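From first to last, the protein sequence lines stand for chains A and B. Under our numbering, the first sequence is numbered contiguously, ending at residue 1871. Under our numbering, the second sequence is numbered contiguously, ending at residue 308.
Everything hinted at is true.
Computed footprint of chain B on chain A; a stretch qualifies when at least three of its residues, placed anywhere within it, have a C-beta under 8 Å from a C-beta of chain B: (1) 1381–1388; (2) 1409–1417; (3) 1426–1435; (4) 1618–1625.
Note that these hints are calculated values from the structure, not bench results. Predicted model only: the values in this text are computed from it and were never measured. Positions of the beta carbon are idealized from the N, C-alpha and C atoms, including for glycine.
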Amino acid sequence: MNGIGVSPGISIGKACIIQKNKGALTGILLENEDSIEQEMEKYKHAVGISIEEVKAIISQAESMEGVEILEAQVEMLSDPQIESDVFTKIRVDKKNANDALIEVVHTLVQLFLNMNDEYLSARAADVQDIGNRILNNLNTSYKATLQPFEANTIIIAEDLTPSDTITLDIKNVIGFVTQAGGKTSHAAIIAKSRGIPAVAGCGIALNDIKDNDVILMDGQTGLVLLHPSQHSIDEYGKKRAAFIEKANLLKALKDIPTVTTDGSEIKLLANISGADDMEYVFENGGEGVGLLRTELLFMGRDSFPTEDEQFEFYRNIALRSKSKPVTIRTIDIGGDKQLPYFGLPVEQNPFLGYRAIRICLDRKDIFSAQLKAILRASAFGKLKIMFPMISNIQEVRAAKEAVASAKASLRTQGLAFDEHIPVGIMIEVPSAAITSDLLAREVDFFSIGTNDLIQYTLAVDRMNEKIKELYDPFNPGVLRLIKYVIEQANLAGIPVSMCGEMASDPAATLLLIGMGLDEFSMNPGSIPLVKNTIVHSSRSKAVIVCTHVMELDNAQQITAYLQEVNK
Amino acid sequence: MISKDYVIMAPEGIHARPATALVRLSKQFQSAIYLKRGDTTVRLNSLLNILAMNAKGGETLSVLVEGPDEDSAASAVDLFFTEQLKDL
Chain A
1305 MNGIGVSPGI SIGKACIIQK NKGALTGILL ENEDSIEQEM EKYKHAVGIS IEEVKAIISQ
1365 AESMEGVEIL EAQVEMLSDP QIESDVFTKI RVDKKNANDA LIEVVHTLVQ LFLNMNDEYL
1425 SARAADVQDI GNRILNNLNT SYKATLQPFE ANTIIIAEDL TPSDTITLDI KNVIGFVTQA
1485 GGKTSHAAII AKSRGIPAVA GCGIALNDIK DNDVILMDGQ TGLVLLHPSQ HSIDEYGKKR
1545 AAFIEKANLL KALKDIPTVT TDGSEIKLLA NISGADDMEY VFENGGEGVG LLRTELLFMG
1605 RDSFPTEDEQ FEFYRNIALR SKSKPVTIRT IDIGGDKQLP YFGLPVEQNP FLGYRAIRIC
1665 LDRKDIFSAQ LKAILRASAF GKLKIMFPMI SNIQEVRAAK EAVASAKASL RTQGLAFDEH
1725 IPVGIMIEVP SAAITSDLLA REVDFFSIGT NDLIQYTLAV DRMNEKIKEL YDPFNPGVLR
1785 LIKYVIEQAN LAGIPVSMCG EMASDPAATL LLIGMGLDEF SMNPGSIPLV KNTIVHSSRS
1845 KAVIVCTHVM ELDNAQQITA YLQEVNK
Chain B
221 MISKDYVIMA PEGIHARPAT ALVRLSKQFQ SAIYLKRGDT TVRLNSLLNI LAMNAKGGET
281 LSVLVEGPDE DSAASAVDLF FTEQLKDL
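Produce the entire structure from the sequences given, and follow the hints as far as they go.
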């Protein structure tokens, strides 16, 4: 069976099913004013005890994780809206406190479930949880009991409430599998913070599982196997070992600064395509975004996105960036990236053709909408603008003029933006690399795009299988160009980073630091490995490695040498 | 009565944590504090009503404060939306 993987990791263990009895309606109608008053008093009393109980759980909580959820529950328990709804049912409909509460909680739960918002749907669990607690204190026949668990227990439940996940003795629990819930449900949040694999949303298929059944679960893919074969157990055992090794590395590295053994600080940034990637960036220890590709925004639709639509997209990212820098690359279509609604003619050499900044400078309407949208979003975070495919200084000047006129138009509209937003360029065309001394005077930063720089420098189509051997980042010609760009940026005193594949290759890390690079941007998942290399090396070693590599005359020797020093 | 508009500077909007802080803030004052988003107005004493508003990051909300200590209540709300919210 399959669910949603909500907390990664693999576990194989014994099932333990947690079942709760739902409170039942009594159907009793109150007959007189006295009993109405009594039921209202009874309700207030039960709420009072419930608040004390939750406060007691908070004071005993071992970690802060989950406490905020309980703090919110204290406020929900004393929410005047619930009380007045319950009292109306008691006074007007003559229901007893038990029935009134069940109905009010049911309505609220449905309200939150129907909000069409993942986060708010998950709050339905909070409402149910406080409802159950009050009910429990109203009526002794309702009990939610939880037993201590044996070693290697995988908990199977309809859903876990926030107070369950905090009060459960989970020392022996190695996994959660729930029928309901999703990525933002409490079970997911708690499981993730404790590093316990969890799968949610499995549906009624879980009914087939009985206590003590052997279960194999994968919290990444959402797979749940009942009575797994020996073959599956062996296969997943290996995956589990690999996962644990990587998780340990991540954990060990996540909160330590990226500094070499001799004290040089290196900045590790991420390449992303949308706001949803932000979480992954921080999880892996990224300190911001070195490349936000904007192509996703333009693809998969049938017309250009409007300025407002783009603004939403950029602002969303700015808001999630925790005030860390985010470099936004302006539209990079053309070449291998085509848009169905923007009829670009078929070209003999698309990579040498009408693409990226060349389109933008030609189609000012497209460019200006994007620039204005980015500028408006810059009021919400530390954004930077970066132009791709720059091949000469006139393009830089024209693009900067476009930024200036976008700013002027926002000023007349009275819209807020960052007046000092940094503007930089990608260095991915050899002419730009060779004239980087000149370009450095015009811009606030460089970012080296190795994928295109390598293919243009070596005249190798990286999509052509026949010649792919020639596409080599360690070709001395490529290395000399990269080194020159880094040196020119450092001389001019502007930051330089690298956002191509090469930045994520741990074999190249030392060499690049030796060249003077101190910002790397890569796929978030690659950050831990590169960070691991950096914190175990020194800049002085990096300089020696670089000097030696620059003396070697071919890529094979360079690769072999780098493998040797990185051992 | 004091009223002022704020842009929500928290990516997740007014979620459980900021909503809890808001309810607690409002309890410190005698004045009634209301949040208004579009046609919906809720009083700040109900966490569930605030959550059900489903106010997202980047949206604009109006705050209305009315009562004997409305000046100090309004400045506490101001501090909340301009400074504290983004760290919650």
